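Letter by letter, the chains look like this.
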Amino acid sequence: MKTRFLPAVAAFILSVGCSSLPAQETPSYQDTTVDMSSVLNEEDHGGLRITSGKTYNRVEGLPVLFGPTYRNRVRSGEFTLSAFGILRSAEAFHWDADNIGHRLTAELRFGRRRGFTVGATSFDVVAPIEPWQLTEPDGGLAAFFLKRDYFDYFGRHGARAYASAFTAGGATLSAGYSDERWSSRSERSVFTLFRDDENWRINPRIDDGRVHLFDLSFDLDTRTSEINPWAGWFINAQYEHGSGDFEAADSPGSSLPGRRSYGRAFIDVRRYNRISPKRQINARLVLGGWLQGDPLPLERRFSVGGVGTIPGFDFRRVGIGTDVGQCAATNDLPGRPAQCERVALAQLEYRHELLSELFDVFNRNGIRVRGAVFRVKPTAVAFVDAGRGWLVGDRAATLQYPSGALPGFNTFRTDVGVGLDLGIAGIYVAKAVSSSKEPANFFVRIRDRF
Amino acid sequence: MSRSRHVALIPVLFFAASVASAQKPQVALVMPERALLSTEPPSVRSSSLITDGAMLDLVRNGFPAHLHYKLERWSTGGFFDDVAAAAEWDVVVRYDALGKVFQVYRAVGKRTTSLGTFPDINAAEAVFDTPFPAPIQPPRRGKKSYYNLVLDIETLSLTELDEVEQWLRGELKPAVRGKKNPGTAVGRGVRTVMVRLLGGEKRRYEARSGTFRP
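Same order as they appear, the protein sequences are chains Z and X.
Start counting the first sequence at 1; every next residue gets the next number (the numbering used here).
Start counting the second sequence at 1001; every next residue gets the next number (the numbering used here).
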């Protein structure tokens, strides 16, 4: 509701700004009731906008999006048009083909609480390969401060047409068709606050090619809040059918070049449960992988392990038996890309809000950074994670399984951990259980783990 | 330090703590009397939400403050607690530079009401700090419940463009001209990026009632 309301409030302010109310000598409680429907119909036509793209990574640095937006009502629909140019901060904002891009979007939306949307977009962007693993602030800050980038990226250049239907209950069903060119992107010279003398992890090569995608997705979000939810469901289910011509990748052992057609599914289900005013138990299940057709291209494969999934194991860790993290059977490609054709991940978390009288000393005026105020709200967290990836085919040891089979649970990577979430950030320690010799990992998360 | 000095220090510290406490931004739920728990909603009371330095500066510079209240009534007693009712409303405070007055509006559902215009920010704050009966349905008699309030405060229209402009005008330009330390200007820009990534452009306050059975 809030996101829909905000533009209305902005429009309302503009409207009252034009017809200023008479100033009064003393505080007045004589109400002037305003018909909100007239406020909602006020026109906020957009304007010039600049935004950061909310990411920071070793391929782009900080992408800066700038350009005009336009919004208007067409009968019962709301029409939105935006034309953003993208300039990336890598190589000190050097003007070259890798540092510029665009995103143009035209969308028509009918209905407020429920309705449907149709739109089209043209884009030349850098996209993460597995965005489900980690939230963007966590990934961006790790890259900016510590030169640790927990995503791999590839270029997407093309156009997409889409339609979706949404309900007041937070459900959205979308379908789209796109024509895109996928390309490998290299890591570049990107500023970091620390470890500037170290090299970035290689951004792996992908299967370059031109693809046509049909995608279908279902989203349900009944969480009480997007950040720090106390209860509700979050479901993201996707199906993608891709077909295209892929070029021979330079990397040895990469997927086969040529014409390829595949089907891929992904589902991320989260349930948040409040069990008392201060305690909650949250659970997450992620399943994804190849469904039919040819093998998945590299940019559509999966992995587990690291801060975002099973933090008891280092990110892209190999050398601890069968590689059920990245599924690098014999091909340890540069940058250790995700190569699993299927993945399963389960996470369970218990959170207990602690007494904050002690921290209220710090909260009195808040912790201030650049005029922004942060407050400490301590919560103890305990969690367990289990997951693995595998290849699809004839059974081969514990790495490859037939399409209809699931690996045994004893082959999963598992960990346990505890943490203290202070509200603005949380510090955690996780210990691998399935590989007892792995040392414990300490890590920081800005947002909730999931 | 002598004992007498210690004794003298106590009232000073107590006074300082009182002053600090009085200026602390806070929001609270005021519950109705026990006999009225099933018929009357709680009231929301607040203090010093927009009168501190940073927020006041923004409001004075033409960025309206938007306060979004979300109150939930949770029912408890089963295995999991459930949201039994919820209400949302907004308060907007803007500064009319021409009239040099602060204007306050409250929007509940589709009704927006002017709460008045005021010559200074303290008077404007006082009007929405006054306990406001929340537009939420109280629980049925015998239903074990509690309330949870979340208040988000942000400055409307404070886009990154505004922030970048402020930075360019206020810090980077003098630094480029040699009138200010360039390192400081860049450092502040870096901190701005960090604050943005942390989501610091928004302030969040929470209040919760105790569990009760009307």
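Please note that the accuracy of each hint is not assured.
Unchecked claim - Derived DSSO-like pairs (lysine-lysine); straight-line CA-CA distance at most 30 Å: (1) X:Lys1202 - X:Lys1100; (2) X:Lys1024 - X:Lys1202; (3) X:Lys1144 - Z:Lys377; (4) Z:Lys147 - Z:Lys437; (5) X:Lys1202 - Z:Lys54; (6) X:Lys1143 - Z:Lys377; (7) Z:Lys278 - X:Lys1024; (8) X:Lys1070 - X:Lys1144; (9) X:Lys1024 - Z:Lys377; (10) Z:Lys437 - Z:Lys377; (11) X:Lys1100 - Z:Lys377; (12) X:Lys1110 - X:Lys1100; (13) Z:Lys377 - Z:Lys54; (14) Z:Lys278 - X:Lys1070; (15) X:Lys1110 - X:Lys1202; (16) Z:Lys147 - X:Lys1100; (17) X:Lys1070 - Z:Lys54; (18) X:Lys1070 - X:Lys1143; (19) X:Lys1143 - X:Lys1202; (20) X:Lys1024 - X:Lys1143; (21) Z:Lys278 - Z:Lys147; (22) Z:Lys278 - Z:Lys377; (23) Z:Lys377 - X:Lys1070; (24) X:Lys1100 - X:Lys1144; (25) Z:Lys278 - X:Lys1100; (26) Z:Lys431 - Z:Lys147; (27) Z:Lys431 - Z:Lys278; (28) X:Lys1100 - X:Lys1143; (29) X:Lys1144 - Z:Lys278; (30) Z:Lys147 - X:Lys1070; (31) Z:Lys278 - Z:Lys437.
It should be emphasised that the hints constitute simulated quantities derived from the structure, not laboratory data.
Computed from a predicted structure; not experimentally measured.
Verification of the hints:
no., hint, result
1, X:Lys1202 - X:Lys1100, "holds, 26 Å"
2, X:Lys1024 - X:Lys1202, "holds, 17 Å"
3, X:Lys1144 - Z:Lys377, "holds, 25 Å"
4, Z:Lys147 - Z:Lys437, "holds, 26 Å"
5, X:Lys1202 - Z:Lys54, "holds, 15 Å"
6, X:Lys1143 - Z:Lys377, "holds, 29 Å"
7, Z:Lys278 - X:Lys1024, "holds, 24 Å"
8, X:Lys1070 - X:Lys1144, "holds, 20 Å"
9, X:Lys1024 - Z:Lys377, "holds, 16 Å"
10, Z:Lys437 - Z:Lys377, "violated, 34 Å"
11, X:Lys1100 - Z:Lys377, "violated, 38 Å"
12, X:Lys1110 - X:Lys1100, "holds, 28 Å"
13, Z:Lys377 - Z:Lys54, "holds, 24 Å"
14, Z:Lys278 - X:Lys1070, "holds, 18 Å"
15, X:Lys1110 - X:Lys1202, "holds, 24 Å"
16, Z:Lys147 - X:Lys1100, "violated, 49 Å"
17, X:Lys1070 - Z:Lys54, "holds, 26 Å"
18, X:Lys1070 - X:Lys1143, "holds, 21 Å"
19, X:Lys1143 - X:Lys1202, "violated, 35 Å"
20, X:Lys1024 - X:Lys1143, "violated, 34 Å"
21, Z:Lys278 - Z:Lys147, "violated, 36 Å"
22, Z:Lys278 - Z:Lys377, "holds, 11 Å"
23, Z:Lys377 - X:Lys1070, "holds, 18 Å"
24, X:Lys1100 - X:Lys1144, "violated, 49 Å"
25, Z:Lys278 - X:Lys1100, "violated, 45 Å"
26, Z:Lys431 - Z:Lys147, "holds, 23 Å"
27, Z:Lys431 - Z:Lys278, "holds, 26 Å"
28, X:Lys1100 - X:Lys1143, "violated, 49 Å"
29, X:Lys1144 - Z:Lys278, "holds, 15 Å"
30, Z:Lys147 - X:Lys1070, "violated, 38 Å"
31, Z:Lys278 - Z:Lys437, "violated, 35 Å"
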